[in-house]
Each structure stands twice: as structure tokens, then as C-alpha cells.
Amino acid sequence: MAIGLLAFESHQGLWNSGYYSQLFGIGGVLITLTILMLSTGYFGGIGAPFAPYFWPYLGQVPKKRERKRPVRVYMDGCFDLMHYGHANALRQAKLLGDQLVVGVVSDEEIVANKGPPVLSMEERLTLVSGLKWVDEVVPNAPYEITEEFMNTLFNKYSIDYIIHGDDPCLLPDGTDAYALAKKVGRYKQIKRTEGVSSTDIVGRILLTFRQKDADTDLSVVVAEKSGEKSNDEVKSQLSHFLPTSRRIMQFSNGQAPSPGARVVYVDGTFDLFHAGHVEFLRSARQLGDFLLVGIYDDESIRDRRGCRPIMHLHERTLGVLACRYVDEVIIGAPWEVSKDMITTFNISLVVHGTVAEGNSAGEIDPYAVPKSMGIFQTIRSPKSITTLSVATRIVDNHEAYKKRNLKKKASEDRYYTQKKFVSGD
Amino acid sequence: MDAGNGCSARALVACVIGSIVLGASVLALHLAGGPAAIPHLPLPPLFGTLRRRRRRPVRVYMDGCFDMMHYGHCNALRQARALGDELVVGVISDDEIKANKGPPVTPLHERMIMVRAVKWVDDIIPDAPYAITEEFMNKLFNEYNIDYIIHGDDPCLLPDGTDAYALAKKAGRYKQIKRTEGVSTTDIVGRMLLCVRERSSDAHNHSSLQRQFSSGHGQKVDDTGSGTGTRVSHFLPTSRRIVQFSNSRGPGPDSRIVYMDGAFDLFHAGHVEILRLARELGDFLLVGIHTDQTISATRGRHRPIMNLHERSLSVLACRYVDEVIIGAPWDVSKDMITTFNISLVVHGTIAENMDFTEDDLHPYAVPMAMGIYRRLESPLDITTSTIIRRIVANHEAYQKRNEKKEASEKKYYESKSFVNGE
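From first to last, the protein sequence lines stand for chains A and B.
Each step along the first sequence adds one to the number in the numbering used here, with nothing skipped, and position 291 is 496.
Each step along the second sequence adds one to the number in the numbering used here, with nothing skipped, and position 355 is 1494.
Derived by calculation from the structure, the hints in this document are not laboratory data.
Just to be clear, a hint being listed does not mean it is correct.
In silico lysine-lysine, DSSO-like type, Cα no more than 30 Å apart, as pairs [claimed, not checked]:
1) A:K625 - B:K1473
2) B:K1278 - B:K1308
3) A:K393 - B:K1544
4) B:K1544 - A:K544
5) A:K614 - B:K1473
6) B:K1308 - A:K576
7) A:K607 - B:K1544
8) A:K576 - B:K1549
9) B:K1473 - A:K608
Which chain A residues stay away from chain B? Per the calculated CB distances, all over 12 Å, these [claimed, not checked]:
10) S325
11) M326
12) L330
13) V342
14) Y366
15) K388
16) E504
17) C512
18) L518
19) H519
20) R598
C-beta: ideal position from N, C-alpha, C; glycine also.
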């Protein structure tokens, strides 16, 4: 009785507060229920098993949800000749925070530090913005993160961490480009994607055009510019990309089209994934709910165009998969769009662009079936960029690129010689 | 007096418990910052417990011959499993297959090994009948606690032309899944029969078999072969399919990663057993699958029978495999070992092309030098050539079976419409 009285006295303040009057009533009801359970034989059997449910619940008292600010991470790069290595780096950076801000280095800074870029700033911005994991883009980012720019990142852009791969990034004077960020403890590292770099891709292009048949116009241009230096192989192929099932899984969104979804199908080579590809895919995606992209295999392309693509099937697959407008890809799609394929994937519309490298004359129309079904549509390509135009820029500046590649190759050799396993996705 | 004391004690306990509960409520409200804490009273856990205890897992049944197991079979089993909680698979006996379809290529015990190795299989019924009789159906429902019988959207007819699943449909215990496009045992057997014919006629055909069949737009097969190589549809690998077949987890920080490579063409029981042994040597099994070009260069232009993606999905479906490298290089380089943090490289004693006599051509020179190479005793002496020889030995029977199946396939594809499914 005394203890009961004390209980009432200790909570007397609650009784005076209107807010807690209901609560006190609930407490009283609980006390009454408990008394009934314990004092009568009929409720006694239920009371025993009922009691333990009070105790475990105490440990589960819900905590007040803090108002959390998203962790923002920053990663910069030239992103010239965007490839799946870039995409994979940005994917990893996003995993280290909630929002990813990407700095795209300006044309002038690239020229000063690396050599002439192949893609313009506008094109590189389009490519970076088109990636699945990018939330915000900072144009004209400096190559070196000065103290002034770092403070801009921390204060104006609310950046928490600056991210870079495990390969060193040196300035022309040999110092570490991220020394400042490391010093203040705002630097995090990700694993460099093995077997791919812009240098390697440029090297393949230079090698490809040297090997082309002499009767093509482009080959003549290459021959004139390169002279007789066919022995100067500047292709750096220390390692090559090894596509795993896990990597494809990471790049995919894993969603199926919902029932009744309008599935749009586009196909192509998608070699040297460029801004023209991005804009075309964005336009195609707007025509439906689900964008399925067919990517030709290497053999099909060689049979029809006489030369292999610069990048092989899986490299091109991951490049397309990284684009935010793409839902799913067919790895090694057939040239002809058949009725069976349309049925299998429930395709509502087959789309083709106006700016695309054509196949040789006399070929069977690969879109004959969708045309006869009335589900074929041509859309105007937003940009007049093709893989050939991108490759031509490289050929036009092949001397500068060759010089750049030789310099980069030395750095690559050094990296691979000292390479160790870095854990990470 | 005693009665009085008892009554007082009970009241005391009641007051204490009541006070604690009251205090807990106050604390909960304070922390939650609102009356929303009231629904957090202990009643929901009680109901949750009751609900969870009453639920029995949904068991589904799917049967098949599973002769020359391929990724289409695996994909069907994956879909069946998605329709329930546990998947029971009936493997039809050798005699039933012979009576209904023709001679099987793989005997029952090998087919059992293959089915058991698939990730999504929980239980196996050996010697299942081809037709589900009323007696067997009741046995499934009562003895095996099966809730639903599963089959693909292509019709399965008995020799007398009736539907093999009519009984289950009538009882309302049948569910349908989507047939995996572009692959069937008939097609795979057809590729090998064409291989036999080409080899016997010594035709100088440059295009490889898999390119003809898998790409679907190679040169047409000559009509003199009575169309055994005809292909109505072909497999189109998608990123989503690879996602579905893959494990979602990568290796742990200190995982011991075992690497094994090969062609894994016509995925068979020998492959399953060697992968099982390899997996036991570590925590994570990474499997490298060679490209079509690599295999053609080392084993002849008629190999591989299946293309890179077909082979990749078959290996991925195996429960002992954690990850695959699609298009692994022939040589195991130091860079590859570093990139994937490989602890051990293994190879089976029973394998094709075991004659790398010259050291500089040895694909395992680097792991050998690093001391991380090991040979494994292959549990089964089956190779892809073994499977092919079985078909060649009975090629007349298989050709006849293929012609019969082809007519059925053609009919299916002509009337095919879109089927929702994974």
C-alpha cells in the first residue's frame, strides 16, 4: 500500500498536465488489468505468458529519429572518351556517401596537364550527367585541388569527402594532386577499375587506323599523317578488362518492365560510348516506360563493316548499362529484329536514329519485321556525333596523342609493376 | 491472516508492474516525441508470433528429364522456385524417357547430380513418371506436401496427344512459368549432329557451329540434312538474366578465393563435381570461362558447342559457384591474380587439352611459380567429348527424335505470344 501510494505521488505532476492525463488513464487501465489477471484464477493462466511480452518490448523503445544530413562526396576527372572504368569509379564513389558531386576538368586544364582532349567540355558534361550514380556536376573543375578550391568544395558545395582511385595522380611537378585533402582527413580511396583507361582506348584507335585497308579515305589520311612510323606501337595493353557476372550485376538496375509497360527497343554497336549515344538513348527512353538496348557482338560488326569494334562486347555493354536512361541490355543482339524477339521481350516500339553509321548496300533490312508490324520509328538524333567522328578527331591529332600515350604508358607500367590487391567493389 | 498476506502481495506486484509499464510509456513518448508511441505497445509482437508460427512453407513441384542440363533448365527451376518457398524436382527415369522421347544422353545418376547442383533446388524425387497420374499426383499432394505443380508455357503432350498436366490443372494446383527462349536439349543435340555430318562429309565449312546456331544469322543449313539443324529461336543474354543467376554477395575481406578456369561446354556432372571439390578448398569460388575464340583455337573449329554466355549462365546456376569471369584469358597472369586476390588456382586431372608440354605455353606458369597451383583429382571421368561420343554412338536415334521434336517446336513458336514472367 505504501509503495502504491508512492507511485501515485511520484507521478502527481503528470496529473496536473492536460497532455499526460490520457496517458495516466492508460496506465490506470493497465494496472487494473494486471490486478484482474493476478487476482482471479481464470485470468491467471493468461497472465503468466502475457507478462514476458512487457519485458522484451522495453528494449525496443523506439529512438528519436535524428535529422540526418546526406553525406556528400566529390570526385573529379577529365572523363575524356568516357568508358566503363569511369562509370565503375563513380559507382564506387557513390557507395561512400549519399550524394555524388562530380567535377569535370575544363578543356584548358586538360590541355595544360595531359594533352588535347578528344571530347569537348559540353560532350563530357553530357556523358557524366547521363550516368546512373551522378547527382550533381561541377563544370570547369581545376585539375589540381588548390586550397581555395578545396574550401569551396567544403563550404559552398557541402562536400564531406574527396574521392580518388588507388592509382597515384601526380601533378606536373611530381607532387600528389590530393595531398591537401589527405592532410585534412577528408580523402577516401576507391579501387581502380582494372584493365581499362582512356590511354588504352586511344591506343587501340591509333592501331586500328594504321591497320585499315589502303583503299579507304580515312586510311589515306592516316597514312599521310603518320608516315612510315608503323613500328611505333603506342598501345598500352598491360592488362585487359575481365568482365565478371558481379560487375554486370552492379551496373544493372535489376528491374523488369511492369505489366502493361511500353517497352522500347534500340540496337547498335555503341562503340566508344559518346554524347551522341547518350542523347539518343534519352530521346528513345521518353517514347516508353522501359528501354531495352541491343548491343551487337564483335563478330557481327566485323562481318558487316569489315573491321572489329574498338571496344569488345562487354566493354560496350557496361558502357551502355551505366547510362541512366537504360533499363536492360541484350548482350550480343542479333542484327535482324525478329518477330520472336519482339514477342519474347514484349517490344512495343523499335527505334532507330537518323545519325548512325550505315551498313553496306544490298543488306537485308534488319527492321523489316517491325516495319511491317507498324512499330518502327525513326527519331532525329539530337547530336551529329558518331563513333567515326570521335575516332577521326584522334587521327587528326595523332602525333599529340601518340606523345601523350607514351608518357602515360610509363606511368601505367610503374603502376602495374607495384600493383597490389585493393579490396572494394 | 495468510489469505490477507497473499492478497497484499499480489496487489504489491501489480502496483510495481503497473508503475514500470507507466514509466516505460512515459519514456517511450518522450523519446518518440509524440503520441505515436502508443501503437508500440506489446500487442503486435504477440500477433506476429502467432501469424508466423501458423504459416507453412509453400512447396512447388517441377519435373523434367533434365537430359543435357542447360541454362534453360536452370532458368525454369529458378522461376519455379520464385512461385513458392521450397522447390521439389522430379527427375524422370531412364525407362520413362526412352518410352516417351528416345534414349537419354545422360543416365539418371548423372542427371541427379546436375539437378541437385542447381542453386534453387531443395529436394529431388528420383524416377518420377513422365505423365502425372492421379495416383502420383495424390502422392505429391499428401506425402510430399506439394501445393502447386509447375510447368512452362509450352505444351507437354503425351504420346496419345493428351495434356500431361490435365489432372493438376483440373484440381487447381497448376501454375505456369515462361519458357526460356532460344534453348532446348533438342537444339544442342542438333548442333552436335550437324557437327557429325560435317565431319563425316569433310566439308570445308569455315564458320563455327556455335556461330551458326547461336547468332541465328549465319548461313543456312543445307536441306539435305532434313533440317536437323533448324533453329527457330535463339538465346539472347540480357544483363537482367545475369543478375538473376548471380549471387548478390562478393568475397569477404579475408576470403580465401579459389580460381578455376575452363570451357565448361555442355555443362555436365563432371563439371559439377570438380567445382564442388574446388569450392571446398576456399571460401569463394571464382570461375573463368574461356571465350569462343580461345576454345576454337585449342580444340578445333567445331568447338564450343555452346557460346560464351550460354556456358556462363550454366556455370552461374551451379550452387558451388560464386562468380564467373565471362571470357577469361587462357593464361592466368599475375595481374589477374592480384586484381581478384586469388589464393589458389586449381585444375582437374580429367580435362581436355592436358598437354601443355612446353613451359612458356603453360597457362598456369605464373601460379605455379607463386606456389598457389594445385591439381585436383576429378571425381568423374566425364568430359565434353564423352557427351558428344554418346550422341554420335546413337546418332540415328537422336536424329529421329530431333525431327519429331522440331515439328512440335515449330508449332509452338508460330502461335507464341508474350508470357509475363521472370
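**Message:** Check whether the Cα positions of B:K1278 and B:K1308 lie no farther apart than 30 Å.
**Reply:** Holds. B:K1278 to B:K1308 sits at ~16 Å (cutoff 30 Å).
**Prompt:** Under the criterion that the straight-line Cα-Cα distance not exceed 30 Å, is the pair A:K576, B:K1549 satisfied?
**Reply:** Holds, at roughly 24 Å.
**Prompt:** Straight-line Cα separation of A:K625 and B:K1473 no greater than 30 Å?
**Reply:** holds, 10 Å
**Request:** Compare the distance between the alpha carbons of B:K1473 and A:K608 with 30 Å, and conclude whether the hinted pair is satisfied.
**Result:** holds, 28 Å
**Message:** For A:H519, is the shortest CB-to-CB distance to chain B above 12 Å, so the non-interface label stands?
**Reply:** violated, 6 Å
**Asked** Quick one, are A:K607 and B:K1544 close enough, alpha carbons at most 30 Å?
**Response** violated, 58 Å
**Message:** Quick check for students: does the CB of A:S325 sit more than 12 Å from each CB in chain B?
**Reply:** holds, 30 Å
**Asked** Holds or violated: B:K1308 with A:K576, Cα cutoff 30 Å?
**Response** violated, 39 Å
**Asked** Is the nearest CB of chain B more than 12 Å from the CB of A:E504?
**Response** violated, 7 Å
**Item:** 12 Å Cβ clearance of A:L330 from chain B
**Value:** Given a closest Cβ separation of 26 Å, the condition holds.
**Request:** Evaluate the condition: distance from the CB of A:V342 to the nearest CB of chain B exceeds 12 Å.
**Result:** Fine: 26 Å to the nearest Cβ keeps A:V342 off the interface.
**Prompt:** Taken at face value, is the distance from the CA of A:K544 to the CA of B:K1544 at most 30 Å?
**Reply:** The hint holds at about 21 Å.
Checked against the numbered hints above, the structure breaks hints 3, 6, 7, 16, 18 and 19 and satisfies the rest.
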